[in-house]
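*Asks:* Taken in sequence, the protein lines are chains S and Z.
Reading the first sequence from the start, the letters are residues 1 to 452 in my numbering.
Reading the second sequence from the start, the letters are residues 1 to 166 in my numbering.
By construction, these hints were calculated from the structure, which means they are not laboratory data.
There may be inaccurate statements among the hints.
What the hints assert, rightly or not - Every beta carbon over 10 angstroms from chain Z, so not counted as near; a handful from chain S, in silico:
1. 14
2. 40
3. 86
4. 128
5. 156
6. 184
7. 337
8. 341
9. 363
10. 383
11. 429
Stated by the list, open to error - Distance condition first, Cα-Cα at most 30 angstroms in a straight line; then the derived BS3-like pairs of lysine-lysine:
12. S:278 <-> Z:148
13. S:4 <-> S:32
14. Z:25 <-> S:377
15. Z:25 <-> S:136
16. S:149 <-> Z:150
17. Z:103 <-> Z:150
18. S:198 <-> Z:23
19. Z:122 <-> S:370
20. Z:103 <-> S:198
21. Z:25 <-> Z:140
22. S:149 <-> Z:140
23. S:275 <-> Z:25
24. Z:103 <-> S:377
25. Z:122 <-> Z:140
C-beta atoms are modelled at their ideal positions from N, C-alpha and C, and glycine is treated no differently.
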Amino acid sequence: MGVKLLLAKAHVEGIKNYDVYRREGGYQSVEKALKTMTPEAVVEEVKKSGLRGRGGAGFPTGMKWSFIAKPEGVPRHLVCNADESEPGTFKDRYLMEHIPHLLIEGLIVSSYALGSNDTYIYIRGEYAWIVDILEKAIAEAHQNGWLGKNILGSGFDCNIHVQRGAGAYICGEETALLESLEGKRGNPRIKPPFPAVKGLWERPTVVNNVESLAAVVPIINMGGEEYAKIGVGRSTGTKLISACGNINKPGVYEIDMTISVEEFIYSDEYCGGIKNGKRLKACIPGGSSVPILPANLLLKTAKGETRYMNYESLSDGGFATGSMMGSGGFIVLDEDQCIVKHTYTLARFYRHESCGQCSPCREGTGWMEKLLLRLDKGEGKMSDIDLLWEIQSKIEGNTICPLGDAAAWPVAAAIRHFRDEFEWHVLHPHEAQVRNFGLAHYADPLQVPAGA
Amino acid sequence: MVQFSEQQMQEFNRLVKRYPEGKQKSALLPVLHLAQESFGGWLSVETMDYVANLLHLEPIEVYEVATFYSMFNTQPVGKYMFEVCQTGPCMLNGSDDIIAYIKEKLGINVGETTPDGMFTLKTVECLGACGYAPMMQLGKHYREHLTKEKVDAIIEECRNNAARNN
Ligand SMILES: Cc1cc2nc3c(=O)[nH]c(=O)nc-3n(C[C@H](O)[C@H](O)[C@H](O)COP(=O)(O)O)c2cc1C
Ligand code: SF4
Ligand code: FES
Numbered sequence: 001m002g003v004k005l006l007l008a009k010a011h012v013e014g015i016k017n018y019d020v021y022r023r024e025g026g027y028q029s030v031e032k033a034l035k036t037m038t039p040e041a042v043v044e045e046v047k048k049s050g051l052r053g054r055g056g057a058g059f060p061t062g063m064k065w066s067f068i069a070k071p072e073g074v075p076r077h078l079v080c081n082a083d084e085s086e087p088g089t090f091k092d093r094y095l096m097e098h099i100p101h102l103l104i105e106g107l108i109v110s111s112y113a114l115g116s117n118d119t120y121i122y123i124r125g126e127y128a129w130i131v132d133i134l135e136k137a138i139a140e141a142h143q144n145g146w147l148g149k150n151i152l153g154s155g156f157d158c159n160i161h162v163q164r165g166a167g168a169y170i171c172g173e174e175t176a177l178l179e180s181l182e183g184k185r186g187n188p189r190i191k192p193p194f195p196a197v198k199g200l201w202e203r204p205t206v207v208n209n210v211e212s213l214a215a216v217v218p219i220i221n222m223g224g225e226e227y228a229k230i231g232v233g234r235s236t237g238t239k240l241i242s243a244c245g246n247i248n249k250p251g252v253y254e255i256d257m258t259i260s261v262e263e264f265i266y267s268d269e270y271c272g273g274i275k276n277g278k279r280l281k282a283c284i285p286g287g288s289s290v291p292i293l294p295a296n297l298l299l300k301t302a303k304g305e306t307r308y309m310n311y312e313s314l315s316d317g318g319f320a321t322g323s324m325m326g327s328g329g330f331i332v333l334d335e336d337q338c339i340v341k342h343t344y345t346l347a348r349f350y351r352h353e354s355c356g357q358c359s360p361c362r363e364g365t366g367w368m369e370k371l372l373l374r375l376d377k378g379e380g381k382m383s384d385i386d387l388l389w390e391i392q393s394k395i396e397g398n399t400i401c402p403l404g405d406a407a408a409w410p411v412a413a414a415i416r417h418f419r420d421e422f423e424w425h426v427l428h429p430h431e432a433q434v435r436n437f438g439l440a441h442y443a444d445p446l447q448v449p450a451g452a
Numbered sequence: 001m002v003q004f005s006e007q008q009m010q011e012f013n014r015l016v017k018r019y020p021e022g023k024q025k026s027a028l029l030p031v032l033h034l035a036q037e038s039f040g041g042w043l044s045v046e047t048m049d050y051v052a053n054l055l056h057l058e059p060i061e062v063y064e065v066a067t068f069y070s071m072f073n074t075q076p077v078g079k080y081m082f083e084v085c086q087t088g089p090c091m092l093n094g095s096d097d098i099i100a101y102i103k104e105k106l107g108i109n110v111g112e113t114t115p116d117g118m119f120t121l122k123t124v125e126c127l128g129a130c131g132y133a134p135m136m137q138l139g140k141h142y143r144e145h146l147t148k149e150k151v152d153a154i155i156e157e158c159r160n161n162a163a164r165n166n
């Protein structure tokens with residue numbers, strides 16, 4: 001069993017309630033920070049921990065915090081990003097549903113570090129019942145003196161508010177999120193200015209993911225240096241992975257980042273192997289935006305080394321032969337799945353979610369969806385595959401926000417690694433409607449499931 | 001006429017108070033949710049104008065927000081809306097079959113409402129339940145690990161609820 005810092009107590013009976021959470025050692029990090037540390041010292045501990053943002057980009061959290069501008073007399077805000085809409089990702093939901101006080105505790109300490117007296121949780125609109133869970137936890141924290149005025153006699157005031165979105169993936173992008181929080185359409189802003197200088201209502205703002213902010217609790221409790229000893233290299237601490245697709249045990253797992261991808265997929269502690277005794281075909285290891293990898297490149301790097309579940313190892317080989325940790329949304333495809341169809345559903349998703357501000361993204365996502373549908377239906381031409389490649393390459397890097405890249409990468413990777421399957425759809429249009437392409441050279445024929 | 005009840009007005013005031021003086025526009029999304037729940041599950045022009053008035057906004061500021069977000073319905077919907085996820089991870093677990101089954105059971109296509117105004121079928125993109133696929137949202141809650149039998153039971157449950165509330 002690996003180290004568990006976030007979910008260790010998630011299954012204690014009644015942990016959603018304040019009394020149980022407190023009895024299990026909850027809110028100690030608030031006592032420690034507010035009574036014995038300055039805000040700067042809290043930032044310093046988070047820097048030492050090496051914590052990297054868990055929302056997808058992996059930017060060091062302590063460093064982000066140290067950038068926040070502090071103009072005289074202007075309020076600052078911390079905003080928690082609970083928009084969680086990247087296909088394959090459902091870890092933040094799990095944390096908030098099972099152990100909501102951990103997030104509230106992390107938010108109080110982080111608000112103290114940043115000087116945020118009014119902190120907002122922006123949660124995707126569909127998670128309506130989780131709003132109730134969070135509001136109850138916030139009310140309990142208030143009643144017990146962890147929120148409100150002059151918390152623990154420290155002179156620090158803090159309130160936390162929950163804001164519901166209304167169905168828009170783009171509002172997970174931090175500047176679109178801020179627009180939405182201001183009551184507008186979720187159109188990403190042009191940067192600079194960065195939120196750390198001009199964010200919510202033009203005030204200095206830090207936006208962090210749910211999991212990043214929850215991780216502040218163990219960091220303060222154990223100290224940044226101790227936290228940094230868990231994991232490997234620049235992948236410190238633990239990471240929540242939401243695993244789904246064709247596996248025996250879909251769900252949310254907390255891993256320390258030293259385990260191999262093979263162990264994660266095949267051991268009974270995690271995914272428990274491929275469903276129905278089938279073989280592994282491909283996997284998107286970090287949410288729908290990151291490159292898909294065929295089984296052989298997933299389990300081993302191009303150099304033939306074991307691939308591990310951490311930031312460095314998952315991206316080993318760059319986009320040519322690697323992928324990314326991303327949001328930790330781990331999507332597994334078995335031998336019966338169709339790459340063209342799967343890629344089509346993702347292209348449809350990005351077309352639906354493009355805010356429409358930039359033409360390469362607005363037009364490109366529409367074209368990619370159309371071409372992929374045509375190919376999937378067996379109505380495509382060989383030249384469509386090249387056209388698809390060309391369109392994705394014109395989106396990347398030419399847009400205001402990274403959604404354009406996020407839409408292009410899955411299509412690029414699918415063609416890069418599975419071109420033969422696209423071609424098969426063109427060459428055998430009728431057969432492609434009644435059966436799937438199945439496995440090919442890229443599947444690992446030597447893979448023996450660890451538990452089998 | 002569109003008008004919040006006293007209780008809804010209290011909730012409105014609670015929502016608006018969360019933001020600093022002069023930043024009431026920030027309450028727009030939460031208030032639109034409240035309005036949609038209060039006035040029949042959708043936002044008519046009359047409802048949007050009412051919200052604009054309450055928050056001291058131009059009507060266009062409300063319209064452009066209401067049309068941007070997929071959870072806001074600007075057309076009437078059935079009493080029960082089945083919002084079935086169809087994105088990759090759900091597709092891998094058979095969401096296409098579930099959608100086809102619901103269409104057949106209710107005799108409607110995606111985007112349509114049954115003639116009795118009871119059910120609307122909508123497809124949606126990833127709702128963050130990929131590990132519990134296939135799934136749908138029904139009102140405030142998710143229905144996960146869907147099978148044909150579960151779909152039958154949910155339809156039954158809705159019909160019973162509607163009969164009881166009449
Ligand atoms: C299209 C798009 C969607 C995003 N969705 C999310 C999201 O749902 N949750 C999240 O935490 N970050 C999301 N991000 C990343 C945020 O912009 C931001 O980097 C993150 O919230 C920062 O928090 P972190 O440093 O703690 O990871 C998204 C980015 C893009 C471009
Ligand atoms: S890249 Fe796409 S989603 Fe991002 S701002 Fe441009 S159009 Fe909007
Ligand atoms: S893909 Fe259906 S909930 Fe994520």
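*Asks:* Next, verify each hint and record whether it holds.
*Replies:* Each hint tested on the structure:
Non-interface call for residue 14 of chain S relative to chain Z: holds, since the shortest CB-CB distance, roughly 21 angstroms, exceeds 10 angstroms. Residue 40 of chain S, annotated as away from the interface, keeps every beta carbon of chain Z farther than 10 angstroms; the closest lies near 26 angstroms. Not every CB of chain Z is more than 10 angstroms from the CB of residue 86 of chain S (nearest about 8 angstroms), against its label as outside the interface. Distance to chain Z contradicts residue 128 of chain S as a non-interface residue, since its nearest Cβ pair spans about 4 angstroms, not more than 10 angstroms.
Distance check on residue 156 of chain S: its Cβ is at least 18 angstroms (rounded) from any Cβ of chain Z, clearing the 10 angstroms threshold; non-interface status holds. The beta carbon of residue 184 of chain S is not kept farther than 10 angstroms from every beta carbon of chain Z, the shortest such distance being approximately 7 angstroms. Not every Cβ of chain Z is farther than 10 angstroms from the Cβ of residue 337 of chain S; the closest lies at roughly 6 angstroms, contradicting the non-interface assignment. The non-interface label for residue 341 of chain S is inconsistent with chain Z: the shortest C-beta to C-beta separation is roughly 7 angstroms, within 10 angstroms.
Listed as a non-interface residue, residue 363 of chain S keeps its Cβ farther than 10 angstroms from every Cβ of chain Z; the least gap is roughly 19 angstroms. Under the 10 angstroms C-beta cut-off, the non-interface status given to residue 383 of chain S relative to chain Z holds; the minimum distance is some 26 angstroms. No Cβ of chain Z approaches the Cβ of residue 429 of chain S within 10 angstroms, the least distance being about 19 angstroms, so the stated non-interface status holds. A C-alpha spacing of about 24 angstroms is found between residue 278 of chain S and residue 148 of chain Z, which places the hinted pair at or below 30 angstroms, so the restraint holds.
Pair hint residue 4 of chain S plus residue 32 of chain S holds up; C-alpha atoms about 21 angstroms apart against a cutoff of 30 angstroms. In summary, the hint linking residue 25 of chain Z to residue 377 of chain S is not supported, as the alpha carbons are separated by about 46 angstroms, beyond the 30 angstroms threshold. Proximity of residue 25 of chain Z to residue 136 of chain S is assessed by CA-CA distance (about 25 angstroms); at most 30 angstroms being required, the pair is judged to hold. Proximity of residue 149 of chain S to residue 150 of chain Z is assessed by CA-CA distance (about 49 angstroms); at most 30 angstroms being required, the pair is judged violated.
Taking the CA atoms of residue 103 of chain Z and residue 150 of chain Z, the gap is near 15 angstroms; set against the 30 angstroms cutoff, the hint holds. The straight-line distance between the Cα atoms of residue 198 of chain S and residue 23 of chain Z is roughly 16 angstroms, inside the 30 angstroms bound, and the hint therefore holds. The hinted pair formed by residue 122 of chain Z and residue 370 of chain S meets the criterion: a straight-line CA distance of about 21 angstroms does not exceed 30 angstroms. Between residue 103 of chain Z and residue 198 of chain S the alpha-carbon distance is near 48 angstroms, which puts this suggested pair outside the 30 angstroms criterion.
A distance of roughly 25 angstroms separates the Cα atoms of residue 25 of chain Z and residue 140 of chain Z; the hinted pair therefore holds under the 30 angstroms criterion. For the hint linking residue 149 of chain S to residue 140 of chain Z, the alpha-carbon distance of about 33 angstroms lies beyond 30 angstroms, and the restraint is violated. Distance restraint check for residue 275 of chain S and residue 25 of chain Z: the Cα-Cα separation of roughly 49 angstroms exceeds the 30 angstroms cut-off, and the hinted pair is therefore not satisfied. As the CA atoms of residue 103 of chain Z and residue 377 of chain S are separated by approximately 21 angstroms, the hinted pair is consistent with the 30 angstroms bound.
Distance check on the hinted pair: residue 122 of chain Z and residue 140 of chain Z sit about 15 angstroms apart at the alpha-carbon level, within 30 angstroms; holds.
The structure does not agree with the numbered hints 3, 4, 6, 7, 8, 14, 16, 20, 22 and 23 stated previously, though it agrees with the rest.
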